[in-house]
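Protein sequence lines, in the order shown, are assigned to chains F and Y. Numbered according to the working numbering, the first sequence spans residues 1 to 536. Numbered according to the working numbering, the second sequence spans residues 1001 to 1536.
Just so you know, not all the hints are guaranteed correct.
[To be verified] Keeping only pairs whose Cα atoms sit at most 30 Å apart, straight-line, the calculated DSSO-like set for lysine-lysine is:
no., chain 1, residue 1, chain 2, residue 2
1, Y, Lys1453, F, Lys406
2, Y, Lys1453, Y, Lys1030
3, Y, Lys1152, F, Lys317
4, F, Lys406, Y, Lys1364
5, Y, Lys1401, F, Lys401
What the hints contain is simulated information worked out from the structure, not anything from laboratory work.
This is what each chain is made of:
2 protein chains.
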Amino acid sequence: MTNAISIFDTTLRDGTQGEGISLSADDKLKIAQKLDALGVHYIEGGNPGSNGKDIEFFQRVKSLNLRAKITAFGSTRRKNAQAERDASLLRIVESGVPAATLVGKTWDFHVHTALQTTLEENLAMIYDSIAFLKSRGIEAIFDAEHFFDGFKHNPDYALAALRKAQEAGADWLVLCDTNGGTLPGEIYDIVTRVCGELKTPIGIHTHNDCELAVANSLAAVQAGARQVQGTINGYGERCGNANLCSIIPTLQLKMNYSCISAEQLQQLTSTARYVSEIANVAMPVGQPYVGNAAFAHKGGIHVSAILKDSKTYEHIKPELVGNKQRILVSELAGQSNIISKAQELGLDITANNDKTKEIIDRIKDLEHQGYQFEGADASLELLLREAFAEVPVIFELESLKLLVEKSKDHMMSEAIVKITVGGESVYTVAEGNGPVNALDHALRKALVQFYPKINDIHLTDYKVRVIDEKDATAAKVRVLIQSTDFQNTWSTVGVSSNVIEASWEALVDSFRYALIGMEPVEVSTPVREQLGLVNH
Amino acid sequence: MTNAISIFDTTLRDGTQGEGISLSADDKLKIAQKLDALGVHYIEGGNPGSNGKDIEFFQRVKSLNLRAKITAFGSTRRKNAQAERDASLLRIVESGVPAATLVGKTWDFHVHTALQTTLEENLAMIYDSIAFLKSRGIEAIFDAEHFFDGFKHNPDYALAALRKAQEAGADWLVLCDTNGGTLPGEIYDIVTRVCGELKTPIGIHTHNDCELAVANSLAAVQAGARQVQGTINGYGERCGNANLCSIIPTLQLKMNYSCISAEQLQQLTSTARYVSEIANVAMPVGQPYVGNAAFAHKGGIHVSAILKDSKTYEHIKPELVGNKQRILVSELAGQSNIISKAQELGLDITANNDKTKEIIDRIKDLEHQGYQFEGADASLELLLREAFAEVPVIFELESLKLLVEKSKDHMMSEAIVKITVGGESVYTVAEGNGPVNALDHALRKALVQFYPKINDIHLTDYKVRVIDEKDATAAKVRVLIQSTDFQNTWSTVGVSSNVIEASWEALVDSFRYALIGMEPVEVSTPVREQLGLVNH
Chain F
1 MTNAISIFDT TLRDGTQGEG ISLSADDKLK IAQKLDALGV HYIEGGNPGS NGKDIEFFQR
61 VKSLNLRAKI TAFGSTRRKN AQAERDASLL RIVESGVPAA TLVGKTWDFH VHTALQTTLE
121 ENLAMIYDSI AFLKSRGIEA IFDAEHFFDG FKHNPDYALA ALRKAQEAGA DWLVLCDTNG
181 GTLPGEIYDI VTRVCGELKT PIGIHTHNDC ELAVANSLAA VQAGARQVQG TINGYGERCG
241 NANLCSIIPT LQLKMNYSCI SAEQLQQLTS TARYVSEIAN VAMPVGQPYV GNAAFAHKGG
301 IHVSAILKDS KTYEHIKPEL VGNKQRILVS ELAGQSNIIS KAQELGLDIT ANNDKTKEII
361 DRIKDLEHQG YQFEGADASL ELLLREAFAE VPVIFELESL KLLVEKSKDH MMSEAIVKIT
421 VGGESVYTVA EGNGPVNALD HALRKALVQF YPKINDIHLT DYKVRVIDEK DATAAKVRVL
481 IQSTDFQNTW STVGVSSNVI EASWEALVDS FRYALIGMEP VEVSTPVREQ LGLVNH
Chain Y
1001 MTNAISIFDT TLRDGTQGEG ISLSADDKLK IAQKLDALGV HYIEGGNPGS NGKDIEFFQR
1061 VKSLNLRAKI TAFGSTRRKN AQAERDASLL RIVESGVPAA TLVGKTWDFH VHTALQTTLE
1121 ENLAMIYDSI AFLKSRGIEA IFDAEHFFDG FKHNPDYALA ALRKAQEAGA DWLVLCDTNG
1181 GTLPGEIYDI VTRVCGELKT PIGIHTHNDC ELAVANSLAA VQAGARQVQG TINGYGERCG
1241 NANLCSIIPT LQLKMNYSCI SAEQLQQLTS TARYVSEIAN VAMPVGQPYV GNAAFAHKGG
1301 IHVSAILKDS KTYEHIKPEL VGNKQRILVS ELAGQSNIIS KAQELGLDIT ANNDKTKEII
1361 DRIKDLEHQG YQFEGADASL ELLLREAFAE VPVIFELESL KLLVEKSKDH MMSEAIVKIT
1421 VGGESVYTVA EGNGPVNALD HALRKALVQF YPKINDIHLT DYKVRVIDEK DATAAKVRVL
1481 IQSTDFQNTW STVGVSSNVI EASWEALVDS FRYALIGMEP VEVSTPVREQ LGLVNH
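Make the full structure from the sequences, and use the hints.
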């Protein structure tokens, strides 16, 4: 038996059934290109029978000349009707795809309850629909809905449904755990039995309702399945579909199956992050293989071992999937985390050094106050570089005023910033959609003449955490800000019992970090006059 | 063999190794109470040898008289030293716990690379440390670090380490897949082998680096393990620990093992959400069993089948784990809750009533804006009572001004509130330890003459959550405030892109709720003069 596994991606179809996932035709085309570069074998684009967006996708995707097979999704024909006249099946043909997936019932309970027809008619629906696609020269993939639940209740009928699809010429029989309730051992036994009874290649399609979609897919492959259907990041209805980002590397790096090339596997992390960006769904930081924390180390003992040999606490080399190792700094960590971070920055720091002890004491003190640097790499870098006097002063704060006014029908936030930049005093005022937004605007306005790069910096995330909730409105808060200049992304932190001050601190750190190594530009006389600049 | 599985929760210890997870001693105590109510058998509180926060936890947790065994975590003694003099082991004894977990090496590679000692010395470290705990009357759980990696490389040594722990009197031998790289089939085979060779009860501790931590835990139980170590929501280093929220229901509802009672299982969803709130980590919407979308149905065909019989697309009844079905297209899920809440308040509300529809539309609209009433019972009650004109107006806002000033060495927050109470205009100003605190002070100052009860109200909790993080500093925030008058406790919510406005809303709701049914008192002339009150 071959060890080649065919990867069928349904991010663009089943993935969009997930709550909060909505993709335009443009989004789908972008993702399809990325999936093609990753090397998946099938890209299911959508359901041409259900909406116009998907029809547009199928039209436009042709000009991209992707290597992957683009497939359309549909159901078996309506009951008591003809496949040749079924509107959905005709739309699949019209969409011009080389392959299509048809979902059909294999659980007798569903035939009675959901379809409300006879067991015989359902078999005819399967046969006719597959035969129709094959007669039009389209590769036919049969998705056997609820196959495992069906097999457990009535194995003869579930197998009869598969045989009908096979007789009609189906190219793949894909066994679906539609409700996600089946366990790996059951999957293994049932797939083994099916592989023994049918000659058509078998596929697997699982859902994650028991957090077992990945394990179930792997069990099916071990039992003989040779196609895996899933989605990037496991998007899908309810708890999601099987996550291809976990299945592909495990099959390939740990089980000796072959899915995509080693070079393509190195694009896994960037693909996962790209899809999460387009879908506008934040990726869990600890997502296996591809998450930002998948190879991040926090515990001090772990870190000192990792520095001796990364195999001590890493199950694979992160580079194999395009990810990388990160050392987090936190109160749980010993000094080895901080030393390795400093060395990464090229700073002269070793374990037996007064400077090192001073820095570590400072970090511990800040963490005691509520700072957390593991989520604020840029603030940590500033702190380390400052200890070596490597960060020039970008500006000095003279004063900051924030005014929020609310009346019955009006709300206003205004920030007034007075700073000294390069020996000049700048005084700006700005409004915002809330106080922190106003501060952001006022500070940008003050700095942009001196540092035009400010225009490239965008804040992409803002988090507030109350540190000691017992103190209620007088409690300390920790603010985390994430920023990007489209090439890099960095995070900064601020802590205060005043949410405005904490936000200000994180904001200032973000700009300081972005401007490391930059000199203020000369401001022209007209601009000087407009700004009312005063030389000190 | 018994089918009872011992649940060992390490949310408070291994869970806090996760990126972005940081829990204060207060947080840990709150979570411990919730875990105890859920019925877990062991609660690992932390590492008394590593930091002061955990020592505080172990001291304070005693007075809670929890039913679960509180356990402390530590390592085997240092190399070439005595267990009786090992500072970490002594701290465990001092913490007064009835049980402790000691992690020790079982992978020869780690003994050489990380510990840098001999294989013999490592065995002695295990023996001495376990024997020491037992001599002090403490139940000893041996966490065999990297056991599966160790077994695959050198099974004899890995087993020898377990035998040493057994000889020293360990009560449990817990096999750890520390790096999370082992596959379910390997776990099953190795646990089967270990159960055949050792007589001490076996436990399993897995990590999710291949998205297999749940499957691996289940495989170990099937092979004979009788303790499962994991965390709520799968928090933990890198990709997290085994998720108890998926393991417990699967063991219990699908595999005929017994972990907690059926009533306790119904608290699973609320426990998961509570821990996520305290840890301030948003729960993935599609988290198996307990996520908000775990039983949410979006696809039209699915929904019509679900309405015929929920078994068609649900693997279990959501109520078994305390979750509920949601139909995303019609969003009618909350209606019965709202009706039952209103009836509880004695309001005339039934399902077929225009008023009911109006209220539900209003709540849906607010939820769409980002409000969440699950955690804000008082705001929901005000909203329901308002619909029946049952809440008298306590005051009307004329205007509100907030001023925050920061200079080089000074920080000031000042709030100015102008309101109308009982036909009189009141104008107050107050400072605070941050802007929200200043608002709180100014509003109290304005109301207290009319409602002396204000003096009894204290704010006990203040939470800020960014709703749509993508909008960075212009994002909407949800503020939750918890208040008490020492007899009752209530929670209120506010939403705005302006953190000040959201806080104000929640603050006002808190006072309005506390003052329901009260009339303003007559203010005496001297006080009137002092306040500068003006009749309208």
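Hints versus structure:
Between the alpha carbons of Lys1453(Y) and Lys406(F) the distance comes to roughly 26 Å, so the proposed pair stays at or under 30 Å and holds. Between Lys1453(Y) and Lys1030(Y), the direct Cα distance comes to roughly 29 Å. Compliance with the 30 Å bound is thereby established for this hinted pair. As the CA atoms of Lys1152(Y) and Lys317(F) are separated by approximately 19 Å, the hinted pair is consistent with the 30 Å bound. A C-alpha spacing of about 26 Å is found between Lys406(F) and Lys1364(Y), which places the hinted pair at or below 30 Å, so the restraint holds.
Proximity of Lys1401(Y) to Lys401(F) is assessed by CA-CA distance (about 13 Å); at most 30 Å being required, the pair is judged to hold.
This entry satisfies every hint, going by the numbered hints stated previously.
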